[in-house]
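4 protein chains.
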Amino acid sequence: MYIYELLIYLRIVKRTEDGVYVKGAKAHQTGCINSHWMVVMPTLRLSDKDKDYAIVGAIPVDAEGITYIYGRQSCDTRSMEPGEYDVGNKYFAGQEAMVIFDDVFIPNKYIFMNGEYEFASMLVERFTTYHRRSYVCKSGVGDVLIGAAATIAEYNGVEEASHIKDKLVEMNKLNETIYATGIASSLQGSSTKSGNFINDDLLANVCKQHVTKETYEIGRIAQDLAGGLVGSMPSGIDFNEGTMSEDLKKYLKGKKDINSEDRVKILRLIENMTLGRNAVAYLTESLHGAGSPQAQRVQIRRRVDIEEKKDFAKKLSGIIEREK
Amino acid sequence: MYIYELLIYLRIVKRTEDGVYVKGAKAHQTGCINSHWMVVMPTLRLSDKDKDYAIVGAIPVDAEGITYIYGRQSCDTRSMEPGEYDVGNKYFAGQEAMVIFDDVFIPNKYIFMNGEYEFASMLVERFTTYHRRSYVCKSGVGDVLIGAAATIAEYNGVEEASHIKDKLVEMNKLNETIYATGIASSLQGSSTKSGNFINDDLLANVCKQHVTKETYEIGRIAQDLAGGLVGSMPSGIDFNEGTMSEDLKKYLKGKKDINSEDRVKILRLIENMTLGRNAVAYLTESLHGAGSPQAQRVQIRRRVDIEEKKDFAKKLSGIIEREK
Amino acid sequence: MYIYELLIYLRIVKRTEDGVYVKGAKAHQTGCINSHWMVVMPTLRLSDKDKDYAIVGAIPVDAEGITYIYGRQSCDTRSMEPGEYDVGNKYFAGQEAMVIFDDVFIPNKYIFMNGEYEFASMLVERFTTYHRRSYVCKSGVGDVLIGAAATIAEYNGVEEASHIKDKLVEMNKLNETIYATGIASSLQGSSTKSGNFINDDLLANVCKQHVTKETYEIGRIAQDLAGGLVGSMPSGIDFNEGTMSEDLKKYLKGKKDINSEDRVKILRLIENMTLGRNAVAYLTESLHGAGSPQAQRVQIRRRVDIEEKKDFAKKLSGIIEREK
Amino acid sequence: MYIYELLIYLRIVKRTEDGVYVKGAKAHQTGCINSHWMVVMPTLRLSDKDKDYAIVGAIPVDAEGITYIYGRQSCDTRSMEPGEYDVGNKYFAGQEAMVIFDDVFIPNKYIFMNGEYEFASMLVERFTTYHRRSYVCKSGVGDVLIGAAATIAEYNGVEEASHIKDKLVEMNKLNETIYATGIASSLQGSSTKSGNFINDDLLANVCKQHVTKETYEIGRIAQDLAGGLVGSMPSGIDFNEGTMSEDLKKYLKGKKDINSEDRVKILRLIENMTLGRNAVAYLTESLHGAGSPQAQRVQIRRRVDIEEKKDFAKKLSGIIEREK
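Residue numbers (this note's numbering), protein chains in the order written: chain A, 28 to 351; chain B, 28 to 351; chain C, 28 to 351; chain D, 28 to 351.
I should point out that these hints are in silico values taken from the structure, not numbers from a laboratory.
For chains that are exact copies, the list does not tell them apart, and a pair is met inside one copy or across any two.
20 Å max Cα-Cα, derived SDA-like pairs, lysine to any residue:
id, residue 1, residue 2
1, 240, 197
2, 283, 52
3, 117, 267
4, 276, 93
5, 280, 97
6, 240, 196
All chains should be modelled from the sequences, with the hints used to inform the complete structure.
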């Protein structure tokens with residue numbers, strides 16, 4: 028089946044002198060609702076039958092004809108509970124949305140591609156090169172989770188146990204690997220003909236590949252350091268207001284000088300980032316954002332100069348003569 | 028600080044001719060609320076000052092003086108939403124609770140240990156030997172998640188892609204490793220003096236150690252196969268009842284003959300088991316139940332006959348003479 | 028190309044009243060030179076054009092027409108050096124050979140398959156089921172390497188360092204995983220129509236899959252515990268006889284009461300098992316013997332009842348109704 | 028015991044107006060024999076009793092009083108065999124040596140530290156910062172091994188099999204991770220007071236930590252792609268000169284247009300790099316050079332600003348107030 032027969036991808040449905048009208052849907056638009064503009068673009072290689080799908084343009088998020096379907100995620104309704112005791116992250120959360128375009132107008136001045144289908148795959152590839160490198164941001168989120176794990180280890184009175192220290196080292200090693208592969212991709216950036224800079228494609232994909240895996244292991248270790256309480260602690264209402272509140276505060280104390288309120292708060296943050304509201308961003312979105320894991324592996328394969336490496340091996344093994 | 032000074036562990040506070048009264052708390056009691064009886068036992072090595080803590084007894088769950096604090100977990104309130112569209116698992120969930128005992132009576136006939144502190148550590152060790160092997164049950168849960176991943180791969184029309192097939196193999200390899208190490212522990216069971224059988228301690232700990240890690244990797248791969256929609260799909264109300272319902276059903280269709288309702292249902296199950304209500308049981312409880320990961324490593328170290336292995340090496344390397 | 032056109036696989040080239048004559052080659056025959064008999068069998072699915080390749084028979088290893096090409100392996104000539112200082116394993120080594128059959132006769136009484144090509148793939152599958160489970164033997168070799176690692180840690184005076192203890196636990200966990208998956212495969216064995224027993228195919232393949240990977244990690248950790256000396260120590264002649272012998276014994280001492288001769292011996296054993304003569308058996312042969320890693324993955328895929336697992340998931344997610 | 032009592036570390040034993048005389052040993056000196064100069068330095072934190080050990084100086088490799096003990100390594104004697112058929116790498120190999128200094132003179136102009144024991148630990152730390160980052164060189168060796176694996180996959184006719192392609196991607200991902208973390212460490216370099224530049228310590232240790240592990244996995248995958256022949260092929264003499272030479276060339280052919288000589292050559296290179304002469308450099312030296320794995324973990328722990336990360340977590344969880 029051809030793309031143009033599916034009628035679900037975004038496409039031009041009407042052209043006027045002033046611009047174009049588009050129709051279709053975009054799934055998985057991270058953070059679109061708190062943005063000012065959306066830039067739509069094709070996400071696949073296109074053929075000459077797909078000219079109407081070769082549209083890139085900027086659209087204000089409140090343009091006429093757009094409907095946002097707010098994605099439903101783990102623990103989303105907790106944020107709206109009175110008291111906000113169990114929210115985990117007191118300030119921030121993200122969102123995913125599906126966006127449906129019903130004859131949305133893009134004026135000429137905001138159109139950047141219009142029918143040039145032959146550039147669609149290059150555009151996608153360049154976009155993912157930038158985008159996959161930008162996943163270095165997850166190492167910042169990782170810093171928070173590492174900090175939370177170190178804090179609960181301290182509250183539990185075990186931060187000097189050798190296996191705890193080693194697990195914190197492991198978390199950092201994984202997190203810095205994401206960071207380092209990301210910035211290395213920029214270090215090896217090169218300028219395009221137009222004078223813009225683009226980062227290294229191979230290393231951007233290596234970075235994103237780590238993001239799809241190490242975040243989960245960091246999350247697992249965070250739960251390990253948290254202790255079982257992260258899965259069994261009482262609700263904030265029971266803990267703070269209920270008739271058992273005093274008992275709970277007594278029984279849930281950790282180390283001597285740590286109050287149980289703080290212990291519960293840091294545990295809720297770890298829950299939030301590994302099972303709850305922000306786990307979708309730290310884990311699931313790390314997996315699929317900017318392309319699912321296999322997409323990076325395909326690109327790593329394309330970008331590696333395997334023939335050069337074969338030549339190295341053939342020379343050293345004596346299969347081909349080395350130049351003098 | 029001594030245990031007997033803490034006043035938080037369960038202990039005997041009064042003895043009568045008919046039995047004992049106990050006070051204290053038990054955290055993390057998986058499934059206690061849907062049980063008929065609780066058996067309480069010490070969980071630490073005890074000294075002669077801890078005689079009052081050396082209590083093992085059976086208590087009906089509705090005995091006077093017991094309070095249950097129901098643990099608050101990811102997505103718990105979803106089950107109570109009208110429509111139950113987003114519940115994921117239509118039938119089952121578990122629960123953790125904290126149990127507070129306020130002068131709870133245990134009659135003599137239900138007391139199995141009373142002050143014999145010197146057997147406390149042996150009791151704990153035998154209990155964990157049985158208990159850690161019993162975590163083979165998580166391979167049954169793993170079967171469900173593997174089935175869900177295979178189903179969504181089919182619905183997405185990619186079940187014949189080689190990387191998808193390989194990921195399903197990996198999930199199964201990990202899951203069967205949990206299963207096989209568990210049953211191997213039983214195979215090597217031995218009888219105690221009393222005629223009871225006890226399974227192999229070393230292999231029980233190896234089994235549990237895999238449970239603390241491979242479940243998370245199985246969960247990660249399940250999310251990989253699910254695709255990004257697992258983190259961005261609309262709420263059941265939007266999908267089934269709202270004004271955009273028709274559009275959503277159109278845009279969220281997978282493979283030709285699969286209806287989008289089924290696709291959403293299987294995705295909600297994967298969400299449930301990796302981020303939501305049952306993720307606590309499949310992941311967090313796998314990590315900490317029957318002892319956190321380091322507890323198994325300590326026990327593996329104790330149970331391995333390292334001196335025998337050293338002798339093997341010393342003989343083969345010629346450090347010590349082999350017997351003829 | 029068809030097998031029958033290749034003329035390299037073993038095949039019947041002449042039939043007489045008393046038996047058959049075979050020609051061709053068998054590569055990678057582990058231990059054939061120290062065996063009494065060889066049993067040859069097809070290793071591929073065969074078609075009706077391959078009848079001459081469907082031959083199973085027993086042949087004495089010194090039968091006329093057989094030539095063995097002894098495989099050349101890492102450090103093979105060391106065993107023949109005077110002094111045998113650097114041999115590592117004082118008693119044992121293995122060998123691989125290629126066997127070339129030039130009109131070798133198999134009498135009728137030793138022929139077990141003769142042209143029944145349709146059973147060739149079943150035969151291969153049953154053989155690998157037995158054979159892959161038998162790789163549990165590598166956990167015995169692993170015991171030696173773990174013992175060697177524990178010994179050198181002791182000699183280096185670091186056996187109580189927490190990271191050393193943890194690495195020994197990891198080695199044991201990996202080694203016992205190989206062991207446990209192997210014996211679990213036997214535990215689930217079943218009887219064939221003939222009354223023979225055959226072990227579980229799925230678990231046999233899971234066992235072998237671990238053998239292809241965990242042995243390498245055990246080897247890596249052994250080298251870690253060995254310290255750099257495993258890659259830099261002097262030859263046995265320099266150490267024991269040369270003019271620098273006294274200096275070397277002084278400078279290469281480990282812990283106080285350990286003599287440097289023993290330290291060098293255990294290091295040579297670790298070298299032997301991870302880089303040298305027995306590394307081929309412990310590592311390379313673990314990888315490829317009884318089928319290379321991908322062969323097990325294909326078989327795991329075939330043996331898992333994925334449809335049953337899909338049904339579990341469809342029932343729990345509400346896609347299909349559960350039976351009452 | 029104090030260092031100064033051991034008399035094995037290098038130390039000053041006599042001071043004259045023109046310089047100092049040193050005595051002691053240095054183990055594991057990679058490549059010292061093909062160098063022009065050695066720079067000796069302390070390798071431990073020193074106390075005020077260790078002033079004589081606080082010596083840094085440059086020494087020509089052929090200075091009077093130096094003895095080199097050439098380390099004995101896997102397959103070292105193969106290079107000296109006639110024909111060099113089985114050498115694997117036709118041109119290169121490395122060496123480790125132990126160096127014994129017996130009253131070796133260092134003139135004043137080549138002395139860079141002389142008794143300033145309080146700077147010893149800073150010196151060691153800076154040295155390892157540079158040195159661990161320099162292990163990025165192993166990604167160059169990795170390129171050769173990846174090339175060899177890709178070449179044998181081609182010769183075996185399986186380079187288009189999906190699992191082969193995926194394994195090559197994995198090798199590259201691991202190899203590029205070493206590369207990227209290394210160059211990222213340089214990117215974040217900073218200038219010292221003297222105007223020299225020093226690379227980032229944390230990322231240098233992350234780089235080296237990957238080198239200690241990923242090289243082994245790359246080696247394992249290379250052996251996987253090689254096939255069993257890498258452990259069982261005949262000696263070069265049998266293959267090239269012996270009476271069975273013709274048969275062997277026939278039976279060991281891979282893909283149609285590939286001659287068996289080339290196949291054997293590339294397999295010998297893989298053997299050389301994973302089990303033989305260069306495996307010591309690619310594997311063992313990657314593990315222990317510039318400090319064994321645990322040394323990097325200690326340094327990662329020191330260099331991470333864990334208090335900053337704890338603060339992030341405490342702010343987001345509401346334990347401490349965020350600044351406005």
